[in-house]
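Following the hints, position chain B against chain A.
Protein chains: 2
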Amino acid sequence: MSSEEPFVLRPIGHVESALVDPRAAPKQASEGAPQAWLVIDPAVGEGLRDLRAGDEVLVLTWLHRARRDVLAVHPRDDPAASEAGVFSTRSADRPNPIGIHRTQIVATDGLRILVSHLEAVDGTPIVDLKPVLGR
Amino acid sequence: MSSEEPFVLRPIGHVESALVDPRAAPKQASEGAPQAWLVIDPAVGEGLRDLRAGDEVLVLTWLHRARRDVLAVHPRDDPAASEAGVFSTRSADRPNPIGIHRTQIVATDGLRILVSHLEAVDGTPIVDLKPVLGR
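Protein chains in written order, with my numbering: chain A, 3 to 137; chain B, 3 to 137.
Simulated from the structure, these hints should not be mistaken for laboratory data. A quick note: this is a predicted structure, and the numbers were derived from the prediction, not measured. Virtual Cβ for every residue (Gly too), placed ideally from N, Cα, C. One or more hints might be untrue.
Unchecked claim - Short, incomplete list of chain A residues facing chain B, as computed with Cβ under 10 Å:
no.: 1; residue: V46
no.: 2; residue: D57
no.: 3; residue: H66
no.: 4; residue: Q106
no.: 5; residue: V108
As the list claims (entries may be wrong) - Computed footprint of chain B on chain A, listed as stretches where at least three residues anywhere in the stretch have a Cβ under 8 Å from a Cβ of chain B:
no.: 6; segment: 76 to 83
no.: 7; segment: 88 to 97
Extracted from the complex, chain A is given alone in its bound form (with noise of 0.2 Å):
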């Protein structure tokens, strides 16, 4: 049985990034976003210890302008798609609006992290940050 109350994510930091038109944001990684910063706050700075260059991660955001009030999208914004169901799709638009970004770490820098690329803007809140698994 699912419990009916909420959850209340806290963010842990922030982008840092050059992106700030969501709008003009690649949708996927992998299509030219830029390097970005993680930006985290002291109080879970300790979590990090063991994060170094080189580290693929799973960067895990809450896409703060998104509508969640949303089933059905045009994927990729294109309106001469198919409307599809948001779980089909990668859109921020959806019930509860968390981003998973996978990326790898250039460097470290004490709470600031630099990432390879980021698709997400500046400013777009944190909540997670987890290792890539082999496989």
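Using the frame of chain A, we list chain B on its own:
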């Protein structure tokens, strides 16, 4: 600048599984996790309409039994292992206990989706489903 306001996740469904004891659950699905049903709420059922048997999906869960005040853990609950910062591990215990489970759809039955393997215990809330992208 990151927003300071909290973000509220709303469960979109829950896991129905023979796994009931978190201590008995495999750490990763590749270690013998069983088939499981994803039971989705009618309110978001429209978002499922393009999911088909054979699709590879990421199931995002809220690991509701996790501790959120933990920043370093013994990997794989092995007390002999050195502690590691949580962001270098897939530990359920972390500031925002979101689980990411890669699996494959075996069958769909309306609002119920059978997946090939899932390491989450019975009753775990589901917060999102995303397609696996080709990379």
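Each hint tested on the structure:
Hint status for V46 of chain A relative to chain B: holds, with the closest Cβ pair at about 6 Å, below 10 Å. Look at D57 of chain A: its Cβ gets to within about 7 Å of chain B, closer than 10 Å, so that hint holds up. The interface hint given for H66 of chain A holds, since its Cβ lies 6 Å from the closest Cβ of chain B, which is under the 10 Å cut-off. Because the beta carbon of Q106 of chain A sits about 13 Å from the nearest beta carbon in chain B, more than 10 Å, this interface hint is broken.
Interface hint status for V108 of chain A: violated, as the beta-carbon distance to the closest one in chain B is roughly 16 Å, over 10 Å. Evaluation of the coverage hint for the segment 76 to 83 of chain A: breached, as 0 residues show C-beta separations to chain B shorter than 8 Å, against a requirement of three. Given a C-beta distance limit of less than 8 Å, the hint that chain B covers the segment 88 to 97 of chain A holds, as 7 residues qualify and 3 suffice.
The structure fails to meet hints 4, 5 and 6 from the earlier list, while all remaining hints are met.
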